[in-house]
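*Asks:* Build the full structure now, drawing on both the sequences and the hints.
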Amino acid sequence: MKGYIIKSLLQVIPVLLLVSLIVFILVRVTGDPVALMLPETATAEDRAVLTEALGLDQPLYKQYITFLGSALQGDFGTSFRYGESALPLVLERLPASFELAVAAMIFAIIMAIPLGILSAVKRNTFTDLLISGISVIGKAMPNFWMGIMLILFFSVMLGALPVSGRGGIEHLLLPAFTLGIGIGAQMTRLVRSSMLEILNQDYILTAKSKGLRPFIIIMKHAFRNGLIPVVTIVGLQFTSLIGGTLITETVFAWPGLGQLLVTAVNTHDMAIVQASVFVIALIVIIGNLLTDISYRLLDPRIRYS
Amino acid sequence: MKTKSWITSGLLLLVVAIVLAGCGNSKESSTDSATNSKTLTIGNATDIESFDPHNNNNTSSEAVLVNMFDYLVKNDNEQKKVPVLATSWEQVNDTTWRFKLREGVTFHNGDPFTAADVKYTIDRVAKDSALKQNSYFKSIKEVKVVDDYTVDMITDGPDPLLLNRLSKMGAGILPSKYIKEKGIDAFLKSPVGTGPYKFSKWTKDDRVELVKNDKYFGEAPKWDTVVFRSIPEASTRVSELLAGGIDIASGIPSTDVERIQSEEGKQIVKAPIQRVLQLILRETEGTVTADPKVREAIDLAIDKQGIVDSIAGGAGIVTRTSVTPGNFGADPSLYKQTLYDPAKAKQLLQESGHTGAELNMTVSSQYKEYAEVVAAMLNEAGFKANLEVLEPSAFSERYSSKSFKEIFMIGIGNSLFDASNNYNRYLKTEAAGETDYNNPKVEKLLQDALVNMDPASREKQYQEVQQILAEDRPAVYLFQMEGIYGTDNRVKFTPRSDEMFYADDITPVNG
Numbered sequence: 001m002k003g004y005i006i007k008s009l010l011q012v013i014p015v016l017l018l019v020s021l022i023v024f025i026l027v028r029v030t031g032d033p034v035a036l037m038l039p040e041t042a043t044a045e046d047r048a049v050l051t052e053a054l055g056l057d058q059p060l061y062k063q064y065i066t067f068l069g070s071a072l073q074g075d076f077g078t079s080f081r082y083g084e085s086a087l088p089l090v091l092e093r094l095p096a097s098f099e100l101a102v103a104a105m106i107f108a109i110i111m112a113i114p115l116g117i118l119s120a121v122k123r124n125t126f127t128d129l130l131i132s133g134i135s136v137i138g139k140a141m142p143n144f145w146m147g148i149m150l151i152l153f154f155s156v157m158l159g160a161l162p163v164s165g166r167g168g169i170e171h172l173l174l175p176a177f178t179l180g181i182g183i184g185a186q187m188t189r190l191v192r193s194s195m196l197e198i199l200n201q202d203y204i205l206t207a208k209s210k211g212l213r214p215f216i217i218i219m220k221h222a223f224r225n226g227l228i229p230v231v232t233i234v235g236l237q238f239t240s241l242i243g244g245t246l247i248t249e250t251v252f253a254w255p256g257l258g259q260l261l262v263t264a265v266n267t268h269d270m271a272i273v274q275a276s277v278f279v280i281a282l283i284v285i286i287g288n289l290l291t292d293i294s295y296r297l298l299d300p301r302i303r304y305s
Numbered sequence: 001m002k003t004k005s006w007i008t009s010g011l012l013l014l015v016v017a018i019v020l021a022g023c024g025n026s027k028e029s030s031t032d033s034a035t036n037s038k039t040l041t042i043g044n045a046t047d048i049e050s051f052d053p054h055n056n057n058n059t060s061s062e063a064v065l066v067n068m069f070d071y072l073v074k075n076d077n078e079q080k081k082v083p084v085l086a087t088s089w090e091q092v093n094d095t096t097w098r099f100k101l102r103e104g105v106t107f108h109n110g111d112p113f114t115a116a117d118v119k120y121t122i123d124r125v126a127k128d129s130a131l132k133q134n135s136y137f138k139s140i141k142e143v144k145v146v147d148d149y150t151v152d153m154i155t156d157g158p159d160p161l162l163l164n165r166l167s168k169m170g171a172g173i174l175p176s177k178y179i180k181e182k183g184i185d186a187f188l189k190s191p192v193g194t195g196p197y198k199f200s201k202w203t204k205d206d207r208v209e210l211v212k213n214d215k216y217f218g219e220a221p222k223w224d225t226v227v228f229r230s231i232p233e234a235s236t237r238v239s240e241l242l243a244g245g246i247d248i249a250s251g252i253p254s255t256d257v258e259r260i261q262s263e264e265g266k267q268i269v270k271a272p273i274q275r276v277l278q279l280i281l282r283e284t285e286g287t288v289t290a291d292p293k294v295r296e297a298i299d300l301a302i303d304k305q306g307i308v309d310s311i312a313g314g315a316g317i318v319t320r321t322s323v324t325p326g327n328f329g330a331d332p333s334l335y336k337q338t339l340y341d342p343a344k345a346k347q348l349l350q351e352s353g354h355t356g357a358e359l360n361m362t363v364s365s366q367y368k369e370y371a372e373v374v375a376a377m378l379n380e381a382g383f384k385a386n387l388e389v390l391e392p393s394a395f396s397e398r399y400s401s402k403s404f405k406e407i408f409m410i411g412i413g414n415s416l417f418d419a420s421n422n423y424n425r426y427l428k429t430e431a432a433g434e435t436d437y438n439n440p441k442v443e444k445l446l447q448d449a450l451v452n453m454d455p456a457s458r459e460k461q462y463q464e465v466q467q468i469l470a471e472d473r474p475a476v477y478l479f480q481m482e483g484i485y486g487t488d489n490r491v492k493f494t495p496r497s498d499e500m501f502y503a504d505d506i507t508p509v510n511g
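Going down the list, the sequences are from chains A and B.
Read in this note's numbering, the first sequence has 159 at position 159, and its numbers run on one by one without any break.
Read in this note's numbering, the second sequence has 108 at position 108, and its numbers run on one by one without any break.
Hints in this document: simulated from the structure, not taken from any laboratory.
Small disclaimer: the values here were computed from a predicted structure and weren't measured.
Mixed in with the good hints, there may be bad ones.
[Stated by the list, open to error] The calculated DMTMM-like cross-link candidates involving lysine to aspartate or glutamate, where the alpha carbons are at most 20 Å apart (straight line), are:
1. B:K189 x A:E84
2. B:K138 x A:E52
3. B:K405 x A:E40
4. B:K141 x A:D46
5. B:K127 x A:E52
6. B:K127 x A:E45
7. B:K402 x A:D32
8. B:K127 x A:D46
9. B:K402 x A:D57
10. B:K492 x B:D224
11. B:K204 x A:E99
12. B:K180 x A:E84
13. B:K204 x A:E84
14. B:K201 x A:E92
15. B:K138 x A:E40
16. B:K428 x A:E45
17. B:K138 x A:D46
18. B:K428 x A:D46
19. B:K204 x A:E92
20. B:K141 x A:E45
21. B:K189 x A:D75
22. B:K138 x A:E45
23. B:K182 x A:E84
24. B:K189 x A:E92
25. B:K368 x A:E40
26. B:K402 x A:E40
27. B:K201 x A:E84
28. B:K402 x A:E45
*Replies:* Printed below as a string of structure tokens:
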């Protein structure tokens, strides 16, 4: 196990280098940030002056070398928009993104586990059909529409929850629901199929024949094993939530990493794009690694293979 | 079944939690009677860029900063220049202006405001070409400190626009001692100005909080706290207004206007802004739009008032010039005027022998709907219009590389409030490759006006240019855009044409 972890960690470095190179090139060849920074009335001379001042007239390889040198010291450049160092700007968004991701995950789990178990146990009954229906709807409804509808109902009509922004727990409820329901729907189906597979196993039949109460069978014997694929999904989905929540962030004016990254992409704010992608890549890699490890810890069959 | 009852009670618990959370949530109001503190909350579509007035280039950033930083000279609601940190000024000679500064003003950190601060501020923006506002101030060659409360500004050649530059966005005076001692990075994290409100907190992409400056030299600030919230999604902004979370919402889509109007306690306020939606036409030899009859046909084919009424929800004013009232050099005879004659357009097109001619129109996605209607109208007149809708950054690329084909649609702003800013593009050197417009008479008028220090004759020069351009049609002007704001009746707000939010011009009602 230890060797596995070390090997995985070593693979992080070449992956990050490759990612940074790709992002670096893409951000520079896909457009000119200077045109976006100046008003429409700027002259060609104004643009040339700013381009030179920002060092954007240098050949690509020179710019990359400068970038790499600084990046190794933790300096990913200065944001064109904010005029501040890029990495701290990205890092200061992480708490908000984490908060939203964790809340969405908690909601998804609260939804998926009971509903998934229920629909497995009550397979092919009306309950199963109802839950499957909810899952499909939850997965199919676009985030954007869901968020706006929730705001209209709970905030504008009922006045029960705030409309937008980050604050106390009441600010977290609607965005977490919006984000979590899609994941929760997916997870419900996963729990269901995983439980079904397990409930068909011989050892469950043995437990039943021993006369154990159904609740004990499900919770003590079946569910724990059914948890393994769920843990995998939680781990993988969580990391994708860190940078991939733009729509929910936009609808609820949530100051997370998604908004920062997309604005930076639209304005070719290279330093921020580079720093964000680097941080997200790092989180995804480590998150996947942790998921991998926990999966191995939970399932002895994998551990010893 | 035990599992079922677990789930039912779980769901019940969740619902109860939501309702309880809702009961505990008190709506933000502009007057909190318990503590008697007045808070003004404004919802904008974007966050500010930074607290560096020299490195921002959009009105929504400056709209926040004008409450923290003062200019030397300011534009009032009618765009007339009024003294702020400068109490008087005179033109000593063609290239020198002398400003007398206000005494007894302090920055938020207690440092006194003196001529040294003016010198530092103007030198910085005029000399550092990496700052976005640099191009507007680089004509100021030197700032001389005559004494603590007098400065001389020397321009690079006669510059009729000096006062415009000192009263435009980016002209806020910075604290030289503070920045020299602590560095610009420390300043950006903890900014300090002379304005009626001082910095309290900035959570990026969330909100900027300002608190009142008790030591402000002017009228006592009306609000205790001013909050600028960043709410990028328009429907969420509208919802916040309707739910009472904010007092003013900017950038209301025309489709939401009726909804807000019909809501009790809320209303819509509008004002024309400095942006004119227009089509810019290429006159390079060999292009179909090089033919003046074709350009006239394009102008006559488009029902501009109709577009304003249907797509802009009435929020627009037709115009045949981009120099709208409030801008120096405006020609009122071309404002609120429009031409629309589809029959004549067809006829002109036939006369020119270009019926069925292809017109490739490039536009940024934000103006997509307008472009679609215009394309349809052009097709009606006998053209074959091809629409190319681009993402804003892709459009910017094409725009700066001058690689559009026959037409591009764009909304052009003017932060200088002077006709020269609209017409730089028609100077021969600038027009090359873009419109390729070349009218020697206009060239002479524009070049002369650039260095003409006599306002009366300068105004006449620009008015003449406008009359010629209205006939030459290097551009077809559609309409002047309007800013649409939703307000709560607990505040009184009259929007400005420069889109600034001066918190002290917004008054609480009954409070």
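*Asks:* Confirm or reject each hint.
*Replies:* Checked hints:
| no. | hint | result |
| --- | --- | --- |
| 1 | B:K189 x A:E84 | holds (9 Å) |
| 2 | B:K138 x A:E52 | holds (16 Å) |
| 3 | B:K405 x A:E40 | holds (18 Å) |
| 4 | B:K141 x A:D46 | holds (17 Å) |
| 5 | B:K127 x A:E52 | holds (14 Å) |
| 6 | B:K127 x A:E45 | holds (15 Å) |
| 7 | B:K402 x A:D32 | holds (13 Å) |
| 8 | B:K127 x A:D46 | holds (13 Å) |
| 9 | B:K402 x A:D57 | holds (19 Å) |
| 10 | B:K492 x B:D224 | holds (17 Å) |
| 11 | B:K204 x A:E99 | holds (16 Å) |
| 12 | B:K180 x A:E84 | holds (18 Å) |
| 13 | B:K204 x A:E84 | holds (12 Å) |
| 14 | B:K201 x A:E92 | holds (14 Å) |
| 15 | B:K138 x A:E40 | holds (18 Å) |
| 16 | B:K428 x A:E45 | holds (14 Å) |
| 17 | B:K138 x A:D46 | holds (10 Å) |
| 18 | B:K428 x A:D46 | holds (16 Å) |
| 19 | B:K204 x A:E92 | holds (9 Å) |
| 20 | B:K141 x A:E45 | holds (18 Å) |
| 21 | B:K189 x A:D75 | holds (18 Å) |
| 22 | B:K138 x A:E45 | holds (13 Å) |
| 23 | B:K182 x A:E84 | holds (15 Å) |
| 24 | B:K189 x A:E92 | holds (14 Å) |
| 25 | B:K368 x A:E40 | holds (18 Å) |
| 26 | B:K402 x A:E40 | holds (12 Å) |
| 27 | B:K201 x A:E84 | holds (17 Å) |
| 28 | B:K402 x A:E45 | holds (14 Å) |
The structure fails none of the hints (numbered hints given earlier).
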